[in-house]
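Undergrad: Each chain is listed here by its residues.
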Amino acid sequence: MIDTQLSRASTAVELTIVTPEGVLFRLPLAGPASRLYAMLLDIVIVLGAVNGIGLLVYWIFAKLPGFGVMVITLAEFAIGFAYGALLEGFWNGQTIGKRLFHLRVIDQAGLPLRIEQAWVRNLMRVFDALPLAYLVGGASALSSPLMQRFGDRVAGTLVVRQTALAAPGEGNWTRQKYNSFMDYPSIAVNLRRAATPELASLIQEALRRRNELAAYTRRELYRELARYLQSEVSPFPDELVERLSDEQYLINASGILFGDQRPSRVQG
Amino acid sequence: MILNLERFQAQARPRWNNLESLLGVLESRPDRRLNPAEAQQLLELYAQTAADLNRVTHGALAPELRQYLERLVARAYAELYYAPPKRSEIWQPRRWFRIFTAFPESFRRQSRYFAIAVLVTALGCALGGLAVRYDPASVDVLLPADYLRNPGERVHEEEQGQGEHMKTAENEAVFSAELIRHNIQVALLAAALGVTFGIGTALLLFENGVLLGAVAVNYTRKGFGLFLSAWLLPHGVFEIPSILIAGQAGFYLARLLLHRRENRNVRESMREWLVLVAGLAMMLVWAGIMEAFFSQHHAPVFPYWFKVAVATAELVLLAIYLSLIGKRETSAEASGLPSESR
Numbered sequence: 001m002i003d004t005q006l007s008r009a010s011t012a013v014e015l016t017i018v019t020p021e022g023v024l025f026r027l028p029l030a031g032p033a034s035r036l037y038a039m040l041l042d043i044v045i046v047l048g049a050v051n052g053i054g055l056l057v058y059w060i061f062a063k064l065p066g067f068g069v070m071v072i073t074l075a076e077f078a079i080g081f082a083y084g085a086l087l088e089g090f091w092n093g094q095t096i097g098k099r100l101f102h103l104r105v106i107d108q109a110g111l112p113l114r115i116e117q118a119w120v121r122n123l124m125r126v127f128d129a130l131p132l133a134y135l136v137g138g139a140s141a142l143s144s145p146l147m148q149r150f151g152d153r154v155a156g157t158l159v160v161r162q163t164a165l166a167a168p169g170e171g172n173w174t175r176q177k178y179n180s181f182m183d184y185p186s187i188a189v190n191l192r193r194a195a196t197p198e199l200a201s202l203i204q205e206a207l208r209r210r211n212e213l214a215a216y217t218r219r220e221l222y223r224e225l226a227r228y229l230q231s232e233v234s235p236f237p238d239e240l241v242e243r244l245s246d247e248q249y250l251i252n253a254s255g256i257l258f259g260d261q262r263p264s265r266v267q268g
Numbered sequence: 269m270i271l272n273l274e275r276f277q278a279q280a281r282p283r284w285n286n287l288e289s290l291l292g293v294l295e296s297r298p299d300r301r302l303n304p305a306e307a308q309q310l311l312e313l314y315a316q317t318a319a320d321l322n323r324v325t326h327g328a329l330a331p332e333l334r335q336y337l338e339r340l341v342a343r344a345y346a347e348l349y350y351a352p353p354k355r356s357e358i359w360q361p362r363r364w365f366r367i368f369t370a371f372p373e374s375f376r377r378q379s380r381y382f383a384i385a386v387l388v389t390a391l392g393c394a395l396g397g398l399a400v401r402y403d404p405a406s407v408d409v410l411l412p413a414d415y416l417r418n419p420g421e422r423v424h425e426e427e428q429g430q431g432e433h434m435k436t437a438e439n440e441a442v443f444s445a446e447l448i449r450h451n452i453q454v455a456l457l458a459a460a461l462g463v464t465f466g467i468g469t470a471l472l473l474f475e476n477g478v479l480l481g482a483v484a485v486n487y488t489r490k491g492f493g494l495f496l497s498a499w500l501l502p503h504g505v506f507e508i509p510s511i512l513i514a515g516q517a518g519f520y521l522a523r524l525l526l527h528r529r530e531n532r533n534v535r536e537s538m539r540e541w542l543v544l545v546a547g548l549a550m551m552l553v554w555a556g557i558m559e560a561f562f563s564q565h566h567a568p569v570f571p572y573w574f575k576v577a578v579a580t581a582e583l584v585l586l587a588i589y590l591s592l593i594g595k596r597e598t599s600a601e602a603s604g605l606p607s608e609s610r
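Listed in order, the protein sequences are those of chains A and B. Following the working numbering, the numbering of the first sequence begins with 1 at its first residue and continues without gaps. Following the working numbering, the numbering of the second sequence begins with 269 at its first residue and continues without gaps.
Next comes chain B alone, as it looks inside the complex (with noise of 0.2 Å):
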């Protein structure tokens, strides 16, 4: 049946010019909340400019009216099927402190992927041990600064206590954002690398646990390892499980874009992997105060013990919050949740 444009319009315009300005109404109400009577109206006026379009589309080559018809009724969809987050709930303080308890949970909800990042990095760690245990020469291609390859030159400046005099508090501050944003930054690049169905992520923690390994073994055979210790892990203690974190979130976003069709819940599985990014994020904000603070000052300012005893309390805090606080879940519960842990 060939369209009368003219008549058609003529007839049409009214409800058309009705959805316009019903969806203007709509979209400029910032919680696009609808009543009763509107839903109703829009859902009237959304069928009937639906049928429209129709009949333009088959019954006429108007293209200009065709996408305005179109315009109108993408619109008009987004309204009827898009159910918009609370804007109370949002601005909510108890909404945005949730993140402390989310993270543990979506941790221990994931820890299969977490097993994996440790198990990559643990075998680079292997691999750059040995390689210098049993090819000290090794150190020079493993090892990109002159201070990991040179234990002794390093030890012996810091404990002299030159540099002393830089170590301000201004410094320091300046030291940890850059620190902070660099450690986020890898961090966040191997959650990222997930896309590369996970190779990625998994190079970036072999070749960290690589460098781990060698300077481990390095420092110790020179009989340096009190010393290590105490310079890596008042943040190291933060600091390497965040990219193992990392690392986690990486695998999970390998195996939620592989098994993309059969997840119904797309929408969850986004925000589990937000929130091991954002929980990770917080735990390099505070790897990169202690770095800066903390860590850089060594004996006779801070004795080894010490700082030796404050990476441990450190560690056994970070392990209790990450395993017991937030919700323990049943195995009823979780099997309702979009996770693959199971």
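One chain only, chain A, in its complex shape (with noise of 0.2 Å):
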């Protein structure tokens, strides 16, 4: 289906899957912080869940203690390898701290994993916890640039984070119905083939934040992104920018670059 291995390029903080249409996209790795985290919310978890089974074993065997101790060890046991495997195999690659902190772990692939990674991952664990208080998954995890400890190395799996996000709001920036930097379709068009998607991008992120941007903050940055425009990219006659505002520079700068309002009667 895929290559993993020649499909996947990787940065200290993302996963970069192409899949086989080509496509190409990037899902964030957790950090070892929020996965300690995770994992010490699980483990008072599973403490939690064997306490209450043993209060309940301790009722049920009250006239046979011993034969309670040998129920509540081995289901302690159990369920300490059980509880991460069976969750992160059938619940969508998450604990219930995972959950919480919004981790998940996927294969590497970029799919869900497996139940049969699930398991291999959560056995590791008696190699990645040693010496003591996981040295050896955190040094691994640390030194790898997918954050694998030797579990997640093994079962081929790793941790993202997982927070859903909102398609970003519709931009609010002024509209206008007439530009003057149409009366200079020449200098328009130029201004269109010189600009950047970068530079594009930036003057129209300037303009949709406007509110969210301190007033002098907001001057500033306007007057440097013009005076950019006029001086490097496309230099409008003086005696109309002297009248413009920077603002009301970049607006029309916008409307030229986005298409709203083409300089058409050039084309025509």
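For the record, the hints were derived by calculation from the structure and aren't laboratory data. This structure is a prediction, so every number in the text was calculated from the model and none was measured. For each residue, glycine too, the CB sits at the ideal point set by N, CA and C. Keep in mind that a hint or two might mislead.
Distance ranges between label pairs, derived from CB positions [claimed, not checked]: (1) A:96 to B:529: 54 to 64 Å; (2) A:33 to B:361: 22 to 32 Å; (3) A:96 to B:349: 19 to 29 Å; (4) A:196 to B:279: 17 to 27 Å; (5) B:305 to A:196: 13 to 23 Å; (6) B:279 to A:232: 28 to 38 Å; (7) A:243 to B:349: 50 to 60 Å; (8) B:592 to A:34: 47 to 57 Å.
Not everything, but these chain A residues come out facing chain B in the computed CB check (under 8 Å) [unchecked claim]: (9) 58; (10) 73; (11) 110; (12) 111; (13) 155; (14) 156; (15) 165; (16) 204.
Each chain sits in its own coordinate frame; assemble them with the hints.
TA: The following block contains the structure:
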């Protein structure tokens, strides 16, 4: 299906997947701190569950406490491994701790992990937990580009951050019917040709965030952008520019760049 | 081409919303099955959204929108390319009982690694045994506990029935649980130490072998061979092979990691390792029960010949189980499996 070795390029903070269709997307990897917190929470939950079961078992085996201890000892041991393996295997790669900290275990090809992988990565904890407090696993995660402890390396899994994102809101910058830059079609076309997508997006973002910026910052930012456009990209005539505020200059430029108002007279 | 984000979003948002709601439905479905119409719709929306992501990545600097589309594409990709296990199969008891036949099958398929484990342990045994045989003082270094160093005292105590009053069924239950837990932990570690390219597994088996050899020679040298056999064998015939199988799993894992790039069926190989681990855990449960409830009772409670006979019967049954139960593979079948035993 896909060749994980070839299609995976990684950085310290994200996993990049190239799908068979050639689509590239990135998944943010979980940091060691959030994983540690999730694990501590899971330990608390397991201890709570074991103690709860323990009380029940003591009650059932009230006359034979020895057998009660036997059941609890074995249950505690089994729950320690099965908690992570079963929850991760059947609950979308998440334990309760991972869900609360927005973490998720996935296959390193970007797919949901399988039950075998969940068992392997959880059984490998006996090695990762050595010599104490997960030092081996922690060192492995910190030294791995994909933040994998040994259990993850063997099972071919990794932990990603899982936060729900909403699509960003619509742009709310000023719309205008008349754009004085349109009176200079050749310069306007030049602006469209010379501006890179990065510069265009920068102008758009600066305008979109108008109300988020402090007055002074906004003034300085707009001035700097307008000066740069005017001097380096496409100089409009001085008599026009002198009449415009820096903000109006950027609004006009954005109108030209994003094609709402095409300098149609040139084309026609 | 510079992308007009505003217009682009207005056009594309309906299909993103559609994809999001379709994914919501699929992800909440426990078996994650797709019907043909959903599959078609998912494929189309995935392709369109992936194309949108490409346009945003190359035509605009809109990190938030890009992240949003990446998450959406990642979710759709996971739904499209992941074949979920059939839930109905998971809850079938018959599937769970499969472990009883799968274990000896895996054991036989990977028997080469078992042979390595036996060899390493035998080397340790030989070293421990010879050291004690030719240098009795080495007992103090090799054997950690006093009762192992001075068999006479221990045998005397046991045969006098000292401590027999402690051997209530309840104490034995606690003891057996602790043994089971400890032994499984050690065995699991031996299997997991395969990640050290098998070096850790080999060291653990070797150390175990040294201990075993030293104890055996120490007791036999002082004339307590029969006591030792009756004491260790009823649980040892399960415990020792299970540690050897843990070694087998460890060496198998090492080989798997070393040849990861060549191995096309990692999933099947992982299952093989898990089956070996599950099987040895079952063996250790039995060994723990025997050790606590049976092995610790010496003559006159149980005569030694009886204990040795029980151990022999156990060993025969185990050997039959491991060598005969489950499918016998023909070479044609075997070639389709990810085994490295050929």
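Undergrad: Look at each hint and say if it fits the structure.
TA: Verification of the supplied hints:
The beta-carbon spacing between residue 96 of chain A and residue 529 of chain B, approximately 36 Å, falls outside the hinted interval of 54 to 64 Å. For residue 33 of chain A paired with residue 361 of chain B, a C-beta distance near 42 Å fails the hint of 22 to 32 Å. For the pair residue 96 of chain A and residue 349 of chain B, the supplied restraint of 19 to 29 Å holds, since their beta-carbon distance comes to about 27 Å. Separated by about 23 Å at the C-beta atoms, residue 196 of chain A and residue 279 of chain B satisfy the suggested range of 17 to 27 Å.
Under the hint 13 to 23 Å, the C-beta atoms of residue 305 of chain B and residue 196 of chain A, about 43 Å apart, miss the expected range. The hinted window of 28 to 38 Å between residue 279 of chain B and residue 232 of chain A holds, with their beta carbons roughly 32 Å apart. Taking the beta carbon of each, residue 243 of chain A and residue 349 of chain B are about 58 Å apart, inside 50 to 60 Å as hinted. Taken as a hint, the range 47 to 57 Å holds for the pair residue 592 of chain B and residue 34 of chain A, whose Cβ atoms sit roughly 50 Å apart.
Interface restraint check: residue 58 of chain A against chain B, minimum CB-CB distance 13 Å, threshold 8 Å, status violated. Against a cut-off of 8 Å between C-beta atoms, the interface hint on residue 73 of chain A holds, since the closest Cβ of chain B lies about 4 Å away. Evaluation of the residue 110 of chain A hint against chain B yields a held restraint, the C-beta minimum of about 6 Å falling below 8 Å. For residue 111 of chain A, the interface hint holds, the least distance from its beta-carbon to any beta-carbon of chain B being 5 Å, beneath 8 Å.
A least Cβ separation of about 7 Å between residue 155 of chain A and chain B falls short of the 8 Å threshold, and the interface hint therefore holds. The interface hint given for residue 156 of chain A holds, since its Cβ lies 6 Å from the closest Cβ of chain B, which is under the 8 Å cut-off. Checking residue 165 of chain A against chain B by beta carbon gives a least distance of about 5 Å; that is within 8 Å, so the hint holds. Checking residue 204 of chain A against chain B by beta carbon gives a least distance of about 7 Å; that is within 8 Å, so the hint holds.
Hints 1, 2, 5 and 9, counting from the list given before, are not met by this structure.
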